[in-house]
Each structure stands twice: as C-alpha cells, then as structure tokens.
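Peer 1: So the sequences go chain by chain: R and E.
Counted from 1, the first sequence has number 168 at position 168 by the working numbering; the numbering is strictly sequential.
Position in the second sequence (first residue = 1) + 1000 = the working numbering.
Because the hints were derived from the structure by calculation, they are not lab data.
Just so it is clear, CB atoms sit at the ideal spot from N, CA and C, and this is done for glycine as well.
One should not assume that every hint holds.
[To be verified] Chain R regions said to be covered by chain E (calculated; three or more residues, Cβ under 8 Å):
#, region
1, 37-46
2, 92-100
3, 110-118
4, 171-178
[Stated by the list, open to error] Calculated lysine-lysine pairs in the DSBU-like style (CA-CA distance at most 35 Å, straight line):
#, chain 1, residue 1, chain 2, residue 2
5, E, Lys1168, E, Lys1110
6, E, Lys1064, R, Lys28
7, E, Lys1090, R, Lys170
8, E, Lys1077, E, Lys1099
9, E, Lys1053, E, Lys1070
10, R, Lys140, E, Lys1123
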Amino acid sequence: MTEASASTSHLQGKEQPIKASEIDPTFKYELQKMHGSEKILKCFQCGTCTSDCPVARFSDSYRPRTLIHMAQLGLKDRVLNSDTLWLCAACFTCTDRCPQDVEVASVIRVFRNLATEKGCIPQVFKDQAQSLIETGYAYKIPDLRIKKRESQGLPPLPKGNPDTVKKTLKGVTFFDRVQKPQGERASDQQ
Amino acid sequence: MPEFNCCGLPFDPVSHETMLILAAKNLAIAEQVGLNILTLCPGCAGTLKKVNKILKADKALKEKINSHLKEAGLEFKGTVETKHLLQLLKEDVGVEKIKSAVTRPLSGLKVAEHNGCHILRPKEFIGFDDPEDPQTLKMLIEATGATCLDYIDETECCGAPSVGVSDKIALQLARDKLNHIKMVEAQALVTICPFCHIMYDTNELRIEKTFNEVYGIPILHYPQLLGLAMGMSPEELAFSELRVNAKKIVEQFATQGAKQ
Chain R
1 MTEASASTSH LQGKEQPIKA SEIDPTFKYE LQKMHGSEKI LKCFQCGTCT
51 SDCPVARFSD SYRPRTLIHM AQLGLKDRVL NSDTLWLCAA CFTCTDRCPQ
101 DVEVASVIRV FRNLATEKGC IPQVFKDQAQ SLIETGYAYK IPDLRIKKRE
151 SQGLPPLPKG NPDTVKKTLK GVTFFDRVQK PQGERASDQQ
Chain E
1001 MPEFNCCGLP FDPVSHETML ILAAKNLAIA EQVGLNILTL CPGCAGTLKK
1051 VNKILKADKA LKEKINSHLK EAGLEFKGTV ETKHLLQLLK EDVGVEKIKS
1101 AVTRPLSGLK VAEHNGCHIL RPKEFIGFDD PEDPQTLKML IEATGATCLD
1151 YIDETECCGA PSVGVSDKIA LQLARDKLNH IKMVEAQALV TICPFCHIMY
1201 DTNELRIEKT FNEVYGIPIL HYPQLLGLAM GMSPEELAFS ELRVNAKKIV
1251 EQFATQGAKQ
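Chain R with its partners taken away, still in its complex shape (with noise of 0.2 Å):
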C-alpha cells in the first residue's frame, strides 16, 4: 500500500458529497459495544489526536479525528475502506493525550480488525499470520541470523510452538481464513 492511493481515499472521506444511502446511523452504537472503541461518542472533534500524530504529520491523508468523525456520522464503508487506516504507528500518543479518554489509537484498532473482516488487510499483516501458524511467531528469524548467533557463541533460540498455537486460536474468526488456501478467500481485496 502506498501513499498515493491512500491519496484517493482521503478526496473519497472529504470531498465528495455524502448520499444519505451510504449512512448506517446504527455504526457508532455497533462501536460502543466493542473492546476499545466504547468511548467513541464522547469525542467532541478537538483534534488533539490529530496535530499530537506524528504519522499524520507525514501524511496526506491520515487524520485520526477525520476518522472518528465519519464513524460517528455513520460513514462506515468509507472509514473501513479507507487505506490510511493502516497508517497508525500505534505509539497512544492520541491515547495519552486525549482529553475525553476516548483510547482513540484502540477505536483506530477496532476499525482495522473491522476492515480485516471485510477482507481489507494488508500484505504484511498476511505474511505475520503465515509465520504465526509455521512457526509461532510473528517474524521468521532468517537462518543467516541464526548462524550468526551460534558464531557469536549464543545457546540456540527455542523452538516456537505453533501446534499449541494453533489449537489455542481455533474458532478465531481471523485466524480460521489465514488458514484457508489463498483460492478459498474470495472476498480479500488485496
């Protein structure tokens, strides 16, 4: 995902007009009843998330408090397909510095997971979940580096344990489609 095409989303989000057909007016309650975005109507748009952002400071396009705005209004398609959602570093500095307690970086969270089970996920989060299930972690530890330890005279890394992994995470509704074949998942979008 570049930043260019998160360009296009950002005119989507501002400038063009709203239809009323795309308002789903029930979104913010949807909100208010999951993990970390309960406290979404209590932003009152001061934008203290926003200017303290460090990524928005490089960015065209992503602005957290844009973002809860059109969640609050109910613009539900356009925040969860928005790509610059992807963006957030997740450093809570908004978290931290937010005057209503709203844990917006956690209301920024619920939108990807929301935006995940559409099947908008970036590349990088797929390749995570591959190494999740092969190995039991997030990153694969390349071989090179490995080599590198035993010659630095360092006991071996243990071994993962992605079968207790993957017991632990069935019935996870994320972790039941990474593990499909790629034909299988026809509603990812990347």
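With chain R held as given, fit chain E onto it using these hints.
Peer 2: Positioned in the frame of chain R, the structure of chain E alone reads:
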C-alpha cells in the same frame, strides 16, 4: 521458556482476539511454573501487562479467552507480573548498584536517548515512567558516566510499525528524530527497544541516501553502553554487528580501559 509464542502485539491491528489469546497463553505458561516474566522488548512487556490487567478486570472476557486456552491445557489466572529490562534495572537492581558496577566511566560522551512508544504508553497500562518526560533511561545512561542530552520530540515514535504499510512515512519519522538528535550534537543514540534499534541502525544509511542527509550517529543498545562502562570488550558487546560504525566510541573508551 521454549513454549512461549509471539506476545500477540503484531496481530492486534487485524484481530484483537488473536492478540488476547496469544498474550494470555504466554502468561498462563509462566503462571504454571510460578515465575514472573522479564522481556527485552517493550512491545512484549506492554502487551503482557495490558492483557494481564484487562483480563483480571473483565471476568466475562477472561472466561472467553480461557475457553481457548483450555484447548492447550492452560488457564489464565492473573498471578504473574511482567517487566521490561529497563524497569527491572530501575526497580530491582537500582541506579546506585549500576553506578558501582561501572569500572570505565564514559565521561565526556554525549548521547541522546530514544525510549520508544511501548515502554511509555499507554500510561494506564505501563505507568512506571512519565510518558511526557521520561527519566528512567536518562538516569541509567547517566549512571555510566555519559551525558544524556535533551532534544525536540524525544518521546516520539521511530516509525518502525509503519514499515511495510508505508515505508516512506516510516523513514520520514526516523529522519525527523535523527535530525533533532543531530541538532544537539549527540555522539550516539541509545535505544532500549530492539525494534527501534533495528529501525534506526538498519535505516540510517538509507535515510542519509534517500533524503540527502548526513548523520554518522551510531545507534547503541543500552546494554552495549552499560557493558562498555562495565569494562566489557567491544567484541563481547557485538559492536562490529552495528550497521552504523561505532568505531570512534570504541576507540575513545575501549582502548582507554585497556591502558588501565
């Protein structure tokens, strides 16, 4: 702990439930053997602290997560604590003890610190330092005899979590930090998070090339700085593994120690 798996943090963006289960599984394994957890990564410590607190406070969620853990014969009870190395050095070892272990004071060395986000925020779950004005790493750096400089936007993100989504933004974040560090003429940047260390160390040369900048600021991990002050050799501290050359610092201090 060979049975440990990923802490869960990388999966929070795509599946909060996956994150909770992975973290709770690690906590449950530690509970089985009755040991607290020490991590080298602030992200791992932050996640395990957070999940521990969330599940202890939310009985229904705890039961739901436990129904998953049961498949592996495990149960989360909430009986162990997690600390990051930095917190352990501050609370369990203590600055005075560290000072007394220093045999080669790094006097005259001026460095900047980068705490990283997850050792500080969210305050509600981490809370052992002030996220707006963190002091722990500074105190531990000064314990080695080095001077820790203040600079603009010290507590900001290194950009690493955005790598893979937008490399351009990630590099701009790191560049911004390096510019501020250069401004105060720090001789090195000291990190405590492995992820931040990788971000700066592997990308500094790339940032110099991409944005036409000149830094030459070595990125030392805090244990390397401490080890140097404790008289350990540069080889033991893997200084040669650093992508950004730290030769000047090694020559200034490691050779000085050899003379004594």
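Peer 1: So, for every hint listed, does it hold in this structure?
Peer 2: Tested hints:
Against chain E, the region 37-46 of chain R contributes 0 residues with a C-beta closer than 8 Å to a partner C-beta. That does not satisfy the three-residue criterion, and the hint is violated. For the region 92-100 of chain R, the stated coverage by chain E is satisfied: 4 residues place a CB nearer than 8 Å to a CB of that chain, which reaches the threshold of 3. As drawn, the region 110-118 of chain R meets chain E at 4 residues by the rule of a beta-carbon pair under 8 Å; at three or more, the given contact holds. Beta-carbon proximity to chain E at under 8 Å applies to 5 residues in the region 171-178 of chain R; the threshold of 3 is reached and the given coverage holds.
With a C-alpha separation of about 30 Å, the suggested pairing of E/Lys1168 with E/Lys1110 holds against the 35 Å cut-off. Proximity of E/Lys1064 to R/Lys28 is assessed by CA-CA distance (about 24 Å); at most 35 Å being required, the pair is judged to hold. For the hint pairing E/Lys1090 with R/Lys170, the CA-to-CA distance comes to about 40 Å; that exceeds 35 Å, so the pair is violated. About 38 Å separates the Cα atoms of E/Lys1077 and E/Lys1099, which puts this hinted pair outside 35 Å; it is violated.
Distance check on the hinted pair: E/Lys1053 and E/Lys1070 sit about 20 Å apart at the alpha-carbon level, within 35 Å; holds. Annotation: proposed proximity of R/Lys140 to E/Lys1123 holds, straight-line Cα distance about 31 Å (limit 35 Å).
The structure shown violates the earlier hints numbered 1, 7 and 8.
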